[in-house]
Amino acid sequence: MCAGRVDLSFVLRAFLRGVDGVFIGGCRLGECNYVTHGNYHALNMVLLCRRLLEHIGLNPERLRIEFMSGADGILFAEVVADFNKRMAALGPLGRTEGLDRKELAARLEQITRLVPYLKLANREKLAARLGRAEEWEALFTLDEIDRLLSDVVAFHIDPEKCQACLTCLRRCPVDAIDGGKNRIHVIDQDKCIKCGTCYEVCPSRFSAVTKIAGGPLPPPLPEDARTIVRKRKPAAGETPAAE
Amino acid sequence: MTEVREVEGGAGDFRVTLVQKPRYILEEKCTGCTTCVEYCPVHYPDPFNQELSTNKAVHIYYAQAIPLVAYIDESCLYLKERKCRICEGVCKNNAIDFQQTPRKMEINVGAIVLAPGFEPFDPAAKGGYGYGKMPNVVTSMDFERLLCATGPFEGEILRPSDKRHPHKLAWIQCVGSRRVTPGDNSYCSAVCCTYTQKQVILAKDHDPGAECTVFHNDIRSYGKDFERFCERTEKLPGVRFIRSYVSVAREDPVTHNVAIRYSTPAEGVQEEEFDLVVLSVGLNPPAGAEGLARRFGIELTPQGFCKVDPLNPVKTSRPGVFVSGAFQGPVDIPESVFAASGAGSQIGELLDYRRGKLARERRYPPENSAGVEEPRIGVFVCHCGANIGRIVNVPATVDYARSLPHVVYAQEQLFSCATNCAKEITDLAREKGLNRVVIAACSPRTLEPLFRDTLREAGLNQYFLDMANIREQCSWVHSKEKDAATRKAKDIVRMSVARAGRLEPLQEFDLPVNKAALVVGGGIAGMTCALSIAGQGHAVHLVEKAADLGGIARKLHYTLDGLDIQSYVRDLERRVYRNPSIRVYTGAEITAATGYVGNFETRVRWDGRTTAIQHGAAVLATGADLYTPAEYLYGQDARVMTHLELEGRIAAGDAAVVNAGRLVMIQCVGCRNAERNYCSRICCSSAVKNALKLKALNPGMEILILYRDMMTYGFSEDGYREASQREVKFVRYEPQAAPRVESVTEGGGAFLRVSFTDPILGRELFIDADLIALAAAVIPSAATRELAALFKVSLGPDGFFKEAHVKLRPVEFAADGVYLCGLAHYPKHIPETIKQAYGAAGRVLTLLSHDTVVASGSVCEVAEKRCMGCGECIAACTYGAIEFRETKLGKKAVVNPILCKGDGLCNAKCPTGAIVLKHFTDDALLDQIDATVEEGAFAGGKG
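First to last, the protein sequences are chains H and A. Heads up, the first sequence is in our numbering, so the first residue is 58 and it goes up one at a time. Heads up, the second sequence is in our numbering, so the first residue is 255 and it goes up one at a time.
The set of hints was computed from the structure by calculation and includes no laboratory data. Please note that the accuracy of each hint is not assured.
What the hints assert, rightly or not - Subject to a maximum C-alpha distance of 35 Å in a straight line, what follows is the list of computed DSBU-like cross-link-like pairs (lysine-lysine):
| # | chain 1 | residue 1 | chain 2 | residue 2 |
| --- | --- | --- | --- | --- |
| 1 | H | 142 | A | 422 |
| 2 | H | 142 | A | 742 |
| 3 | A | 275 | A | 611 |
| 4 | A | 611 | A | 283 |
| 5 | A | 1142 | H | 182 |
| 6 | A | 1145 | H | 238 |
| 7 | H | 142 | A | 734 |
| 8 | H | 182 | A | 1119 |
| 9 | H | 182 | A | 1145 |
| 10 | A | 1145 | H | 268 |
| 11 | A | 742 | H | 159 |
| 12 | H | 268 | A | 677 |
| 13 | A | 458 | H | 142 |
| 14 | A | 283 | A | 334 |
| 15 | H | 248 | A | 1119 |
| 16 | H | 218 | A | 561 |
| 17 | A | 275 | H | 142 |
| 18 | H | 142 | H | 182 |
| 19 | H | 182 | A | 1146 |
| 20 | A | 1119 | H | 218 |
| 21 | H | 238 | A | 1146 |
| 22 | A | 334 | A | 346 |
| 23 | A | 1145 | H | 218 |
| 24 | A | 380 | A | 561 |
| 25 | H | 248 | H | 218 |
| 26 | A | 1061 | A | 677 |
| 27 | H | 248 | A | 275 |
| 28 | H | 142 | A | 1119 |
Stated by the list, open to error - Over the 12 Å line for every Cβ pair with chain H, so calculated as not near, a few chain A residues:
| # | residue |
| --- | --- |
| 29 | 352 |
| 30 | 364 |
| 31 | 627 |
| 32 | 761 |
| 33 | 866 |
Said to hold, decoys possible - Reference listing, derived: stretches of chain A covered by chain H, where coverage requires no fewer than 3 residues with Cβ under 8 Å from a Cβ of chain H:
| # | stretch |
| --- | --- |
| 34 | 579-591 |
| 35 | 1114-1125 |
| 36 | 1129-1139 |
| 37 | 1156-1163 |
Yeah, the Cβ is synthetic: ideal placement off N, Cα and C, and Gly gets one too.
Please take these sequences and the hints and turn them into a complete structure.
Pasting the structure below:
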């Protein structure tokens, strides 16, 4: 297991459990013992997560990554002692930031739900191999993260257009689409990870899935109004036509 | 406790008579509980702790002893006076047996390895430096024990006179070494400079305010990474390195502080008081070496070490008897390790025809998978002797473990790793129906394989183990905060239990091993390695870039001890070409390397075509290059040459060289500087070797060697001394005042004027020389970097290949199935290269002698339904282990488990959680994270 295995959601979970600071130790940059150089990935994740913490009102100092080798025992002790000191000075999570626990938990949970979306939207930056430390902070800007989180996309299936063809329902990686044969498909927004698979696979002649950025979503169709009533039985091989 | 009495027979069929002394303890009954030790009334000075503390007549030799059982030594009252026998009464297991007598046995073996180690030099014998008279003068061995957590004062540095913490410490280097006075050793002990630096660093760890002074001669930082290590030590606050011979002047009768007299060029003779003085003692031959030599029928050197063949330094004078470690002469750990592996390889050659005849396959009970879905966790909390138990409240941690969810059993153990405790874990797992085991002990890096084995013995899947590291990550770092350490140990155990509940049974699988080896590089290292592998029945493909075999050795002619290198290389080459198992590719280039341990495919372009070679192991022995100096008029003036060029011209009998009137050698050209922060190791001996050769040919020649530290470690110190005796002049220079060279025409003669500062006179001097020889640095070859990329192995900070572990795994790469030897690893002398080449062959054989290798179960796997085909995992994987597969539901990622290394990068990239690193799953790690905080400590619930 490499430092690059540390998932964004692990860090968020630790804060959700109320820890005051998270420290990640990786090998020295550019000195990977293997060929993976996963520590760069860990660094990118940390830089993203620090901005996310800022976005929800937490001090980004609460997340720290340092790079050292197995022989750097003294350095490790110094760095950890320093981190402890800083965290003690910052005080308990949320208190210095003026966030009550309930509000903090709600915000962290919301970000956690968006982890898949954040990974997809930042896929290139998350795989970057950064150079000098002075450049690091510029990888993600707060503006950019604010924008990304205010324009969170959502996917919606237009009940007028959906032909209940099951394509999106079968392909959804997280089983977030409710429906069936002759039952209009509806996306469960709580389960949806915003990967866009449904949007991509919906046959173009239906184009029933729309992508909505930021705006409000139409309410889901009531359960009892989801049955498609067809005029005639479609012939074999023919796609059912809309009413 | 066993001695060799007699050795009969010969290589392939030795009959060895052994005598085992009585332990007075039944090994199979003793649990290592040490109750007997507690009750034993006899205190006597503990030899393991350098007699700085006491032990009992019955005791365990040291904390990690194998087997971990007690023994009774001759100070026992019963053995001496037939009274006491308290231990018999208190032993709950009836393990004491005073009836034991010496046991004689005869064994039949094919080969013998002598590894008796060394004896530290004893300064008391000569009474020098007040050792044995002044309590606060100790040897480095004494100090080593003082530093150790299992030492006389449990890791506290206390000085002998008053058991107080010494604040001002001095080390005196070269005690017993580099001297021709009777009772001392003429050679350099080779390891003391660096072990002293280590002791300084550790002393500063114990007491950051400590003032440490090292009185030294040359600092011999000739080993890999030594130069950096030395710099790190020098830069510590309060550390002084003073180049001076010293004497111990006196001892303060009240404080027992020790005054040292030394002198510096700037301030002359001074006296300074220290709280503790450490004598950096050298390495003597092992005690009883003469008797050993007699019994085994081998010869010794005049210094009393084992006499070896310089062209095969693990071979003794008797066939079938090999040697490794410091019995060959003073050597550091990596060389001991590769000599040991090299001895193994040569024994493999000797006994190959009988390989596997006596082996028995290990059988484990069948795996019981019934009811493993519902976790039943057992927790074993280890005391690690005193390592953990002294700091962490182990019983309280056990009680706490019992309160955790799914834990059905918990107990403490003295040493979980001891055979009896491992057996206990196996038995209890069966008895209590455990299906997950948490061992709260040390780092999984050290003992996870052992405990996985323990689980297999219990019929459990080996991946049902989790180790909670409460030693390295708890007791060792919190030795002064016992309560906090106990709380932390509980936290660590709770987290481990949380993860354990999520562990799943995983299967490892066997991969077939291709029995051929590829050796890249046809120098001495590559050829030696190829011959040893081929000598054990394996096909070897030897790939050489140049048109001929031989490598850099083709340009070398003689060694310091007078070997003819050219005829040796020719002989080696002939043996390679005559060996039917070795196929040689010269003028060849490697274009691609794919595959994995046991199953590599490497493409070689040679002779106008490309061949694909299938092989199970690869050895990279690509040698090194020589730095082309830009300094000292090199390349501009034909009278300036490198040592290698000088050697070539001496061997060719070049009159301009042999008849020169004055020759100046300048050492450390192109290394030990900011750009190349390492010592090239071989140049000082080369300088001495060439100087002696020239003095032999032309005794009237004036030779001056300008050096920084003479790195003539080990026995080459004798060459250095001989050169001085033959009037070769040695003058030290400081790097900030490097010599200058200019071409001068004066009074009808043309000279090279070398100006330098003599540090003792403190004045600038000059000498007009006819020739200059430069000790050009050994630098990594360009091929090193290319091969590293092809074989996915790494380079160290200096651009040489980086071995898996600098001390303990010096011939292996971190990548399985790929090995290294020779100059590509680090500059080294020919005998060292040969040793390392045999060492690499030994490791290759360990792999190739098996029909299969076992691949880890902790690899990635894709839950196809959840894969959205985004390809992020494929981009993240540097091993090319993941590819797309077309399915009815679109492109899906699929993992080749053989190529997967289990780093889990893909896992962190996957947006849908489709790809999972088994054994380190999101579920398990999130549960472990949840458990960082005790239930109810914070409002945030599980997500």
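Here's how the hints hold up against the structure:
Annotation: proposed proximity of residue 142/H to residue 422/A holds, straight-line Cα distance about 30 Å (limit 35 Å). Under the criterion of a C-alpha separation no larger than 35 Å, the hint pairing residue 142/H with residue 742/A is consistent with the structure, at around 18 Å. Between residue 275/A and residue 611/A the alpha-carbon distance is near 31 Å, which keeps this suggested pair within the 35 Å criterion. With a C-alpha separation of about 32 Å, the suggested pair residue 611/A and residue 283/A falls inside the 35 Å cut-off, and the hint holds.
A threshold of 35 Å between alpha carbons decides the hint, and for residue 1142/A with residue 182/H the separation of about 32 Å falls inside it, so the pair holds. As the CA atoms of residue 1145/A and residue 238/H are separated by approximately 24 Å, the hinted pair is consistent with the 35 Å bound. The hinted pair formed by residue 142/H and residue 734/A meets the criterion: a straight-line CA distance of about 18 Å does not exceed 35 Å. For a cut-off of 35 Å, the pair hint linking residue 182/H to residue 1119/A stands: about 27 Å separates their Cα positions.
With a CA separation close to 24 Å, the supplied pair residue 182/H and residue 1145/A stays within the 35 Å bound. Between the alpha carbons of residue 1145/A and residue 268/H the distance comes to roughly 22 Å, so the proposed pair stays at or under 35 Å and holds. Restraint check: the Cα-Cα separation between residue 742/A and residue 159/H comes to about 27 Å, which is no more than 35 Å; the hinted pair holds. Distance restraint check for residue 268/H and residue 677/A: the Cα-Cα separation of roughly 62 Å exceeds the 35 Å cut-off, and the hinted pair is therefore not satisfied.
Taking the CA atoms of residue 458/A and residue 142/H, the gap is near 22 Å; set against the 35 Å cutoff, the hint holds. Our distance criterion of 35 Å between C-alpha atoms is met by residue 283/A and residue 334/A, whose separation comes to about 24 Å. Pair hint residue 248/H plus residue 1119/A holds up; C-alpha atoms about 15 Å apart against a cutoff of 35 Å. The suggested pairing of residue 218/H with residue 561/A is violated, with an alpha-carbon distance near 91 Å, which exceeds 35 Å.
Between residue 275/A and residue 142/H the alpha-carbon distance is near 57 Å, which puts this suggested pair outside the 35 Å criterion. A hinted pair counts as satisfied when its Cα atoms are at most 35 Å apart, and residue 142/H with residue 182/H qualifies at roughly 31 Å. Restraint check for residue 182/H and residue 1146/A: the C-alpha separation of about 23 Å stays at or below 35 Å, so the hint holds. Pair hint residue 1119/A plus residue 218/H holds up; C-alpha atoms about 26 Å apart against a cutoff of 35 Å.
Distance hint between residue 238/H and residue 1146/A is fulfilled; the C-alpha atoms sit about 25 Å from each other, no more than 35 Å. Restraint check: the Cα-Cα separation between residue 334/A and residue 346/A comes to about 24 Å, which is no more than 35 Å; the hinted pair holds. The straight-line distance between the Cα atoms of residue 1145/A and residue 218/H is roughly 26 Å, inside the 35 Å bound, and the hint therefore holds. The hinted pair formed by residue 380/A and residue 561/A meets the criterion: a straight-line CA distance of about 27 Å does not exceed 35 Å.
Using a Cα cut-off of 35 Å, the hinted pair residue 248/H and residue 218/H holds, with the two alpha carbons roughly 22 Å apart. Among the hinted pairs, residue 1061/A with residue 677/A is consistent with the structure: their alpha-carbon atoms are about 32 Å apart, no more than 35 Å. The suggested pairing of residue 248/H with residue 275/A is violated, with an alpha-carbon distance near 73 Å, which exceeds 35 Å. Proximity of residue 142/H to residue 1119/A is assessed by CA-CA distance (about 46 Å); at most 35 Å being required, the pair is judged violated.
The Cβ of residue 352/A sits about 47 Å from the closest Cβ of chain H, beyond the 12 Å cut-off, so the non-interface label holds. Once the 12 Å rule is applied to beta carbons, residue 364/A is consistent with being away from chain H; the minimum gap is 38 Å. Every Cβ of chain H is farther than 12 Å from the Cβ of residue 627/A; the closest lies at roughly 23 Å, confirming the non-interface assignment. Look at residue 761/A: its CB is around 19 Å from the nearest CB on chain H, clear of 12 Å, so calling it non-interface holds up.
Listed as outside the interface, residue 866/A is consistent with that label: its C-beta sits roughly 22 Å from the nearest C-beta of chain H, beyond the 12 Å cut-off. With 0 residues carrying a beta carbon less than 8 Å from a beta carbon of chain H, the stretch 579-591 of chain A misses the three-residue requirement, and the given coverage is violated. With 5 residues carrying a beta carbon less than 8 Å from a beta carbon of chain H, the stretch 1114-1125 of chain A meets the three-residue requirement, and the given coverage holds. Residues of the stretch 1129-1139 of chain A lying with their CB closer than 8 Å to a CB of chain H number 4, which satisfies the three-residue condition for coverage.
For the stretch 1156-1163 of chain A, the stated coverage by chain H is satisfied: 7 residues place a CB nearer than 8 Å to a CB of that chain, which reaches the threshold of 3.
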